[in-house]
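**Student:** The lines below spell out each chain.
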Amino acid sequence: MKQIKIQQQNFVLHSSGAIYWIEKATLMLADPHLGKIAHFRKNGIAVPRKAEGVFYNKVARIVDQFEIKRFLFLGDLFHSYQNNEWYMFRSWVKNQKAKIILVEGNHDVIPAYKFEKIGITVVKELIEEYFCFSHFPSKKEGYFTFCGHVHPGIKLKGSGLQKLKMPCFFNSTYQMILPAFGAFTGLHILIPKKEDKIYVTTGKEVIEIGEN
Amino acid sequence: MTTVQKWFKNKKWIPQDFQKKCWKAYSEGKSGMLHAPTGSGKTFALWGGILNEARLRKKHPAGIQAIWITPLRALAVEIQQATQSITDDLNTDLKISLRTGDTSQSERAKQKRKPSFGLVTTPESLHVLISAKDHQKSFNHLNVIVVDEWHELLGTKRGVQIELAIAYLRALLPNLKVWGISATLGNKNLSREILLGSIKNYIIINAKIKKKIKVKSILPKNMESFPWRGHLGIHLLPQVLRLIRKNKTTLIFTNTRAQCEIWFYQILDSDPKLAGEIAMHHGSIDKKIRLWVEDALRNEKLKVVVCTSSLDLGVDFSPVENCIQIGSPKGVGRFIQRAGRSGHNPKAGSTIHFLPTHAIELIESVALQRGIEQQQIEDRIPFLNSYDVLLQFLMTLAVGCGFYPQKLFPIIQNTFCFQTLNKERWKWIINFLVKGSQSLEHYDEYKKVTILENGLLKVLNKGIVMRHRLSMGTIISDSSLKIRYQKGGYLGSIEEWFVTKLKKGDVFTFSGRNLELIRLHNMEVIVRKSKSKKTRIPSWIGGRMSFSANLSELLKKVLYEKDSYNTPEFKALAPVFFQQQLESIIPKSNQFLIERFQTKEGFHTVFYPFEGYAIHEAMASLMAYRISLLLPITFSMSFNDYGFELLSDKPFLKEAFLDNNLLTKDHLNEDLEKSINISEMARRRFRDIAVISGLVFQGFPNKPIKTKHLQSGSQLFYDVFKDYEPKNLLYQQALEETFDHGMEHGRMNRVFEKISIQKIEWKQCSQPTPFSFPLITDRIRSKISSESVEDRIKKMYLQLEKLGK
Numbered sequence: 001m002k003q004i005k006i007q008q009q010n011f012v013l014h015s016s017g018a019i020y021w022i023e024k025a026t027l028m029l030a031d032p033h034l035g036k037i038a039h040f041r042k043n044g045i046a047v048p049r050k051a052e053g054v055f056y057n058k059v060a061r062i063v064d065q066f067e068i069k070r071f072l073f074l075g076d077l078f079h080s081y082q083n084n085e086w087y088m089f090r091s092w093v094k095n096q097k098a099k100i101i102l103v104e105g106n107h108d109v110i111p112a113y114k115f116e117k118i119g120i121t122v123v124k125e126l127i128e129e130y131f132c133f134s135h136f137p138s139k140k141e142g143y144f145t146f147c148g149h150v151h152p153g154i155k156l157k158g159s160g161l162q163k164l165k166m167p168c169f170f171n172s173t174y175q176m177i178l179p180a181f182g183a184f185t186g187l188h189i190l191i192p193k194k195e196d197k198i199y200v201t202t203g204k205e206v207i208e209i210g211e212n
Numbered sequence: 001m002t003t004v005q006k007w008f009k010n011k012k013w014i015p016q017d018f019q020k021k022c023w024k025a026y027s028e029g030k031s032g033m034l035h036a037p038t039g040s041g042k043t044f045a046l047w048g049g050i051l052n053e054a055r056l057r058k059k060h061p062a063g064i065q066a067i068w069i070t071p072l073r074a075l076a077v078e079i080q081q082a083t084q085s086i087t088d089d090l091n092t093d094l095k096i097s098l099r100t101g102d103t104s105q106s107e108r109a110k111q112k113r114k115p116s117f118g119l120v121t122t123p124e125s126l127h128v129l130i131s132a133k134d135h136q137k138s139f140n141h142l143n144v145i146v147v148d149e150w151h152e153l154l155g156t157k158r159g160v161q162i163e164l165a166i167a168y169l170r171a172l173l174p175n176l177k178v179w180g181i182s183a184t185l186g187n188k189n190l191s192r193e194i195l196l197g198s199i200k201n202y203i204i205i206n207a208k209i210k211k212k213i214k215v216k217s218i219l220p221k222n223m224e225s226f227p228w229r230g231h232l233g234i235h236l237l238p239q240v241l242r243l244i245r246k247n248k249t250t251l252i253f254t255n256t257r258a259q260c261e262i263w264f265y266q267i268l269d270s271d272p273k274l275a276g277e278i279a280m281h282h283g284s285i286d287k288k289i290r291l292w293v294e295d296a297l298r299n300e301k302l303k304v305v306v307c308t309s310s311l312d313l314g315v316d317f318s319p320v321e322n323c324i325q326i327g328s329p330k331g332v333g334r335f336i337q338r339a340g341r342s343g344h345n346p347k348a349g350s351t352i353h354f355l356p357t358h359a360i361e362l363i364e365s366v367a368l369q370r371g372i373e374q375q376q377i378e379d380r381i382p383f384l385n386s387y388d389v390l391l392q393f394l395m396t397l398a399v400g401c402g403f404y405p406q407k408l409f410p411i412i413q414n415t416f417c418f419q420t421l422n423k424e425r426w427k428w429i430i431n432f433l434v435k436g437s438q439s440l441e442h443y444d445e446y447k448k449v450t451i452l453e454n455g456l457l458k459v460l461n462k463g464i465v466m467r468h469r470l471s472m473g474t475i476i477s478d479s480s481l482k483i484r485y486q487k488g489g490y491l492g493s494i495e496e497w498f499v500t501k502l503k504k505g506d507v508f509t510f511s512g513r514n515l516e517l518i519r520l521h522n523m524e525v526i527v528r529k530s531k532s533k534k535t536r537i538p539s540w541i542g543g544r545m546s547f548s549a550n551l552s553e554l555l556k557k558v559l560y561e562k563d564s565y566n567t568p569e570f571k572a573l574a575p576v577f578f579q580q581q582l583e584s585i586i587p588k589s590n591q592f593l594i595e596r597f598q599t600k601e602g603f604h605t606v607f608y609p610f611e612g613y614a615i616h617e618a619m620a621s622l623m624a625y626r627i628s629l630l631l632p633i634t635f636s637m638s639f640n641d642y643g644f645e646l647l648s649d650k651p652f653l654k655e656a657f658l659d660n661n662l663l664t665k666d667h668l669n670e671d672l673e674k675s676i677n678i679s680e681m682a683r684r685r686f687r688d689i690a691v692i693s694g695l696v697f698q699g700f701p702n703k704p705i706k707t708k709h710l711q712s713g714s715q716l717f718y719d720v721f722k723d724y725e726p727k728n729l730l731y732q733q734a735l736e737e738t739f740d741h742g743m744e745h746g747r748m749n750r751v752f753e754k755i756s757i758q759k760i761e762w763k764q765c766s767q768p769t770p771f772s773f774p775l776i777t778d779r780i781r782s783k784i785s786s787e788s789v790e791d792r793i794k795k796m797y798l799q800l801e802k803l804g805k
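Going down the list, the protein sequences come from chains A and B. Here the first sequence is numbered in my numbering, starting from 1 and rising by one per residue. Here the second sequence is numbered in my numbering, starting from 1 and rising by one per residue.
Keep in mind the hints are simulated off the structure, nothing from the lab. Keep in mind the model is a prediction, meaning the values are calculated, not measured. Even for Gly, the Cβ is constructed at its ideal location relative to N, Cα and C. Check the hints yourself; a few may be wrong.
What the hints assert, rightly or not - Distance windows between CB atoms, simulated: (1) A/Lys-155 to B/His-667: 31 to 41 Å; (2) A/Tyr-81 to B/Arg-684: 29 to 39 Å; (3) B/Asp-134 to A/Val-63: 41 to 51 Å; (4) A/Ser-138 to B/His-667: 28 to 38 Å; (5) A/Tyr-113 to B/Leu-631: 52 to 62 Å; (6) A/Ser-91 to B/Lys-600: 28 to 38 Å; (7) B/Ser-786 to A/Tyr-113: 48 to 58 Å; (8) A/Ser-138 to B/Asn-461: 32 to 42 Å; (9) B/Ser-786 to A/Lys-193: 32 to 42 Å; (10) B/Asn-461 to A/Gln-82: 13 to 23 Å.
One chain only, chain A, in its complex shape (with noise of 0.2 Å):
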């Protein structure tokens, strides 16, 4: 985990690639494309099923250790139409006591009106104090940007010719795009500028990395 600061604000981002924020109680996470394995299942592609839970234990890791009021979706929630996923999201959803909130995605193609009916809120975009989430990244004047879509990635390098891949938080001057959250995703490979942070993800740790 590794704290940040943007706008007076205080933000955790934590290992399994959401941020919490810590004023608002707020977790968010980007891109969980939940439902993906069972599409592919139902188009003859045999997925290993055992990777569909993943979603659940790892936002069960982060309840425990954050008191979360509110969960935000930063868009591609689910990966394509309905299918017995919901189920588990639903019956996921039940057992929530925090508020959800879901900035939409360009895979979140389950019309709006049934998250509204399992009571999650569907908005295009969400501007608080001074920023805005949004599923696209996105630079928006006078606002720092919380956005998704893309999997970030990035290549390290280093001594003995040595190189990895790896998910990351990509934060630039004027936004942050989470690494996607859900599992059978990918890697979208960034080249950062100077200015640019980098954090990479374990899933054990959050390391920050510099240039070299």
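Chain A is fixed; fit chain B onto it per the hints.
**Tutor:** Chain B only, in chain A's frame:
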């Protein structure tokens, strides 16, 4: 006298012995294997037999009677024309048609309505025929299957496709004859066994045509400046230009498509007069352009063609006078084949020029010459237990007329590839298709193959049928995109991973042209010509080839024997040998050389077993694994045919290495297996497996089919199987293929036995030696680590975006 003999007589041709033998054996109803080089008249040998038999029949039933399989589409066109022309000459009205991936929908429909006597096709297209619902009817009159250029297919997964198709057809038609035509191989018996299976009534015929092959190494004038590394060989361009000018037509063989592009560009750049007389030929170039090049070659319109293995096969180019091989051909067999492209008259000798891309390759040239003298042709090693190909084949049957698992099981077991397939694994495969797992679970919506009431396995879902039909036969698997001019006209295809590195406006070289990327659209790369000189050359992920066991034996002999030092190659190498011996040695047969030195990259430890790439890849990973048990350490490894390198950011001690006896042959297999698991080398193998088995669906140009949300890379599948279902047979197959394929069984054991009687020479050097140079400069690397990811990351840094981009 038979029909074909008469035809020969009319043409004033004298049949060769092997041709007569083939005709006779065929008339006796035998199956068989013919070993004959390209251009020797092998097509007449087999086709003659087929036609003789056909002429005895008064009436011909409506149905295909002979299927001729070739590995290349271009070759299929050629064979179809050749066979049709004999058939016409004999005044039969028998038709030979062509069925490949390029055959149009309307032509396919016509063939179905009115099947011809003969069909020339490829392994993939044969599977497409089997996927038809009524395929049993269309094969009713089939007498014979001929597999041409079997040596090219054997040892590939397309060879497994053939095995499956033949086993299946033989179960339908017990009297089906099977013939193979192959260039000379080391393992002739095995090659026959794989293709013919349990057929008892067979014959092996060898064409005794021994061509004289002369090998000449292209030596640099000044060895002092000859590079110790590199894979291009451009420094010898002046000598190549001289050879081009001296001969009417020259073929230049390169090992990779990138090398091919670069040589083409360099030749044209330094001798612009060749424009119009120079062409390029490789597998990614559009078919139309390739055909044009082949025709132009035959019609003597070209002076030089730069090519890859795409011109290794079939297609006869009589005017070629001269061949140049750039870099190592990796095997005696391949070298002979390529040399055979020149001087195509069977009795004329061939000359091939060997162009070394770095100094050490000159040793290889001498080894190749020995190999040719002694006709030491290597084996082709077949695939075993290719579950990916089996799954694809089962789907092919399931989208067609369906199959009964109990009935099919013994047929599959009858193939060489699946001879050890047991009931348990068969059940696993069927479960994988039907349930997508090994146990039925709640809420699972998996859908692929359905078991009907009568026990027949069939695909009912239209989307799944469609996706399978589109991806069938994708054994050559890389996700590739077509390149098209904005104004129209295809240039060829390029691998997706290269394109994703390009931005709009970037310029790259393809097919000898500089092209600017305009945009990506529907699996197509839209480009326009560019005059920009700043260009990138795509590299294609081709498999790296390894020395055969043969060539590595030859190489060692050459290195150990005094005689070699009298060859022009070794004489030229003298300054390099001198440099090598300053701080290290040239190992003798009783020595095992290890070199250690430090550079700014870290600590290099270089081993020299001289056993070929495949063995070294496995050995490197094994050594790295064993060392990593002694201390937390991360290795980056490189390998070539001479040795391998372990590079680390901290050293391990010579004493620790020797005292712990890390070169022992004890626990060899166990340690190897563990090293594969942690090295993740299987990841690369899994790419193909994921595509062939249908996990990764790539979508197709011009075929608007809904694949929304179904795209995913093979890497993701690899991870998810590794973490959640390591017993999955496809994942297991990747592990097995990593080191098993390309390596004869037991070879690793023999290597370690040899090492156990050698003296280990550990040389501490102050700088890299000439032998080590190609290894330490290789950027294609694998890694093994016993450090935690966190510890490794903490020592690493970012690659920042370069300024000015």
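**Student:** Does the Cβ-Cβ separation between B/Asn-461 and A/Gln-82 fall within 13 to 23 Å?
**Tutor:** holds, 18 Å
**Student:** Given the hint of 29 to 39 Å, is the C-beta distance from A/Tyr-81 to B/Arg-684 inside that range or not?
**Tutor:** holds, 34 Å
**Student:** Can you let me know if the beta-carbon spacing of B/Ser-786 and A/Lys-193 is within 32 to 42 Å?
**Tutor:** holds, 34 Å
**Student:** So does A/Ser-138 sit 28 to 38 Å from B/His-667, Cβ to Cβ?
**Tutor:** Distance hint for A/Ser-138, B/His-667 is violated at roughly 57 Å.
**Student:** Against the range 52 to 62 Å, how does the distance between the Cβ atoms of A/Tyr-113 and B/Leu-631 compare: consistent or not?
**Tutor:** holds, 60 Å
**Student:** A/Ser-91 and B/Lys-600, beta-carbon distance inside 28 to 38 Å?
**Tutor:** violated, 57 Å
**Student:** Taking 31 to 41 Å as the hint, is the beta-carbon distance of A/Lys-155 and B/His-667 inside that range?
**Tutor:** holds, 36 Å
**Student:** The hint says 48 to 58 Å between B/Ser-786 and A/Tyr-113; measuring C-beta to C-beta, is that right?
**Tutor:** Since the Cβ atoms of B/Ser-786 and A/Tyr-113 sit about 53 Å apart, the hinted range of 48 to 58 Å holds.
**Student:** Within 41 to 51 Å: is that where the Cβ-Cβ distance between B/Asp-134 and A/Val-63 falls?
**Tutor:** Roughly 59 Å apart at Cβ, these two residues miss the hinted range, so it is violated.
**Student:** Has the hinted range 32 to 42 Å been met by the Cβ atoms of A/Ser-138 and B/Asn-461?
**Tutor:** holds, 40 Å
When the structure is compared with the earlier hints, violations turn up for hints 3, 4 and 6 and for no others.
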